[in-house]
Amino acid sequence: MKFRTKTVLGVALIQAVLLAILVLSVLDRLRTSNERQIEQRANVTGQLLVAAARDAMVSYDVSGLQSLATDLVASGEVAYVDFRDEDAKIMVAAGDATQSRRDFRADRSMADVDDGVLDREVIIEVAGQAYGSARFGMELDALTALLAEVRRWAISISLAEMALVAMFSLLLGSLLTRRLNDLRVASREIAAGNLRHRINDHGNDELAETARAFNSMSDHLATVSQARESALAEVGKLASFQRAVLEASDSAIIVTDERGVIVRFNAAAERLLEYRAEEIVGLATPERFHDPAEVEAHALSVAEELDIEPPRGVEVFLALARHGLRDRGEWHYITRSRQRVPVLVSFSGVYSEDERLLGFMCVAQDISSLKRADQRMREAANVFEHSLEAIMVTDVNGDIRAVNPAFTRISGYSSAEVVGKNPRLLKSDQHEPAVYQGIWKSLHEHGYWEGEIWNRRKDGEIFPAWQSISSIRDTQGRVVEYVSMFSDISIRRRAEEEIRYRAWHDTLTGLPNRGLLEQHLQQALRESRRDGDKVAVIFIDLDYFKSVNDTLGHDKGDLLLCQAARRLAACLRESDTLARQGGDEFVVVLQGIRHGQDAARVVGMMIDSLGKPFDLDGHQAHIGASAGITIYPDDGDDCQILYRNADLAMYRAKSAGRNNFQFYTASMTAAALKRREMEIELRQALQPGAAQLQVHYQPIVDLASGRMVGAEALVRWRHPQRGLIAPDQFIPLAEETCLINPLGHWVLEQVCRDFAAPEMHGLTVSVNISSRQIHSGLSLAALGKLLDRHGMPSNRLALEITEGVLLADNEATLTWLSGVHALGVRIDLDDFGTGYSSLAYLKRFPIDRLKIDRSFVADMIDDQDSLILIETILAMAEGMRLPVVAEGIEHEAQRSALRQRGCAFGQGYLLGRPMPIGGFRDLLITPPGN
Amino acid sequence: MSPSGMSVLLLLFCLTSMPHAEVLSVGITPLKAASKLAGEWTPLLDEVGRRAGVTLRFRTAPSIPAFGERLARGEYDIAYMNPYHYQLYSARPGYRALARERDRPLEGVLIVRKDGRIKNLRDLDGSTLSFPTPLAFAASILTQAELQQQGIRIKARYVQSHDSVLKGVAAGSFDAGGTILKVLRTADPRLAGNLRVLHKTALYQPHPFSVHPRIATELGDKLRQAFISLERDETGRKLLADVAFNGMEAANDRDYDDVRRLNLEKLIEAVR
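Which chain is which? The protein sequence lines are W and Z, in order.
At position 707 of the first sequence the residue is numbered 707 (the working numbering), and the sequence of numbers has no breaks.
At position 158 of the second sequence the residue is numbered 158 (the working numbering), and the sequence of numbers has no breaks.
Mixed in with the good hints there might be a few duds.
[What the hints assert, rightly or not] The following label-pair restraints were derived from C-beta to C-beta distances: (1) W:Arg29 <-> Z:Arg190: 44 to 52 Å; (2) Z:Ala216 <-> W:Ser109: 49 to 57 Å; (3) Z:Met6 <-> W:Ser109: 51 to 59 Å.
Hints were generated in silico from the structure; no laboratory data involved.
No experiment lies behind these values; they were computed from the predicted model shown.
The C-beta atom is built at its ideal place from N, Cα and C for all residues, glycine as well.
So here's chain W without its partners, still in its complex pose (with noise of 0.2 Å):
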């Protein structure tokens, strides 16, 4: 506002101010009195009225009254008056009559009139004696009149008043203004440039005073400017170069003044924090474009290097540079946008020639692509060192440079042992050249290989390693180095493996589950239909093994399960499949049996294994087993039908009572049981006193002299029941089943027993083992032992074994008969001829005496062949200095023939018939004839 306005308005302010206050207090004093006046009045008229009319009143003067009444009114004193006697009545009224009816209130005073009359009651009495009172009201219309012209007269005489006051501030203020104003162009003529603008300063007051004053202002500073000027112009030059460096450079510059005032802000702080210069010069405020964490971390360590308390504001960054110190520190940066940039920023004190302090820089770097970088590294890094798989980086030469924790742990080399070394070292020797070389060959031309290769580890373990090399190259495009990663697989392989077990087997029991199984049984009936012989499957299901769990718990009755399992496996055969159905049902496949009686024979040994009581650690259990056979391809062709057989099988051997089999097939259960009845039987047999069982002794001519040399040992079978049970009817059972071992010793110990006697002195006794004698049956031990007890010298005790024993060829078998020849027990070849020994076996064991068997000497009279076969053996065996035993003689022609052919020995009915120890010793005292 201008100053002249200011001072009018001011001034008309006061004014009116002042003037109200004085109208207003004039008027409330002029009412206030004139109130007072009126009250007087009220009172005086009154008085007067009580005086004037007080004869009339005493003397009941009505017209007096009356009169007096008129007077009043007409005189304008009262508005209304009337009279009235001792009782109120009114006597006589005047004035406007309705006044004095309506209800009357003396009014005390002013205050208490509210109906512009001052209504007053007055009481005319003498000598205590009231004659009657009159009433009369002051019209009040004449003060209000006249108040109201007053305020009026009043408000306009104030308005006319302070109009022309102002008209006469407005004067001053001109006057003042023009002065000021004068000064006022001439300093903006000044401030433009314009020094040669004068003012006019005429007068003595004091604003011509100012105006001289700022004439020779003027003048001085004409005088100067052009001094300044041309050292401007210098400076000018000087600063814009300066100021251009700032521009041009690269990092972000802002410079303040010693507060911190920022002065300069380059293009490059521009840049980088996205404001413009002019939006921050000339604030002081870090904190618009700094972390408040970042500036407050600071400040705590500025604070402690200096020893002083936190500074606050600009000041945090400018503390150590006050102090002379550099602050040099990664911080960052929020750009306007509101991105987080990483800076490193060096804050430094701007001095003067003179050592004064003039300001502060501040130099940012915008460091973000090298923090990724680092970051990038440092990742790398972590990858590196934390990675799972082993890393191998080698130079080009292929020498290792460096190797992180995970090879250490995989390989067992450290760091130190390879750095520098070829990684040949881990090659395991597995794999041909050929395969490295194709390695070289794929980085070579792809720049990669992958694979799986067998490393070897420091302590020598090969492992199975999944590696993977790649070539790194430069930008020109040459290898500077070989990065390879591999991963000990061993332990993927056997959780795979685990897996897959796992897939493939009951937990509990470790056996196949039914999954396996069927796989199991889907090959071996391809391989049964390919090789032409059956496969059995066996469902048994464990009797009472409910109440076993019952009664003892579950873990007790799992652990039932395991020894079962345990028993069951232990009467199968390597290619027999044992698989747990689920709950206490197994499945058993047998495979490459010849005849379903086989199965029986398995199936019963099970089921007298499984009715063996547990030990469930300390608990015993007595289960049972039911079974149920069938058999392929008899029963069935396909997995489906042969199971459901097995299943009714089972559930029939269930209902026939239990703890028994069945067979499918109702004809094959009759004879197994019958088999089965035998076996039993021959258990029976076996049983020490059971004398069911005799050893007969077939003897052995030399075919010259017709002198006994020897004897074949043959056990023979009475049964109570059934007679005389062949040998081919239980031995065969008696191999298949363990029996063959009890009942093998218990004939060692006969024919030991038997021959031990100084009588048989000269002759040789041999005995027949058969192969699962040799690998389960009888040891070297329990031979020589029952040599021993006997006295039995061991050279007159031969054991006969057929070629396929020979056939296993293994060590076991190689190891057992050396051992029973080292004994000094001979060794007999039976049935030479018949089987598929390859002649290296001859020389391989160690055999003492070929028996070319039967069926040549029965045909070889008529047979051609049979007869060139004798003749071919009968060499070979003269070329090895084996003897021959010829078994089967029953006829001279043989005999001669054979003796003939340089045959020594010979064995069959025409020599001698198996007989009891008895007649064989009567022979012996009676030779057989000639």
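Given the coordinates of chain W, assemble chain Z onto it according to the supplied hints.
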């Protein structure tokens, strides 16, 4: 028992035996301004009333004629009127005199300025005289009656009050004026000092207190006694002094026959 004691007893008796006092109006002839009159008479009337066992209320009229009209209407139970009025209204409505001031016969006087030209009565012939009011018994009626008897013709100017008569004569506005001695005696010495009595009239019985016939005789007697009893005690005497009475005595109707003989009617009509 002393008379005062007796009156006290009587008063007490009256007061105690009459719980409900009758209110009687007492009309006093307006010889002065009503309020002044009221001031003078009210205490006395209160006392008299007390003594008589009634409540007396002071009344008056704006003027003697008006008073006369009210008397004629019998508005006042008790009235103190001038003899002229009495002789009129004792006939109708029949006011009966009870008591009057003792030893104060009415006597009218003609006053002149001491230094005036009037020396004797005859000098008044043809003059204008001031009188209070036409019906001011002693001052106007008696004086004019005597002048008439003497055959002196005068012009009467009624100046309403004794004071005005005195002032008028003293001022020289009138050659003479009719008034009464009491007025003269009680007037301001500065005023009265300039005046002298020219002539005195014959004596007549003064104004009576009389009762309207409606008032019972016993009550009238009580009132009479009360009036008379006033001068017997201090209280009463003081009250009598307020109205400038000596005392009061009994009055009866025959006492005013002499006024009746004056035939004042004719005179009054002539001057009205």
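Against the structure, the hints come out as follows:
Distance hint check: the CB atoms of W:Arg29 and Z:Arg190 are about 47 Å apart, consistent with the given range 44 to 52 Å. A C-beta distance of roughly 52 Å is found between Z:Ala216 and W:Ser109, which places it inside the suggested range of 49 to 57 Å. Look at Z:Met6 against W:Ser109: about 55 Å separates their beta carbons, and that is inside 51 to 59 Å.
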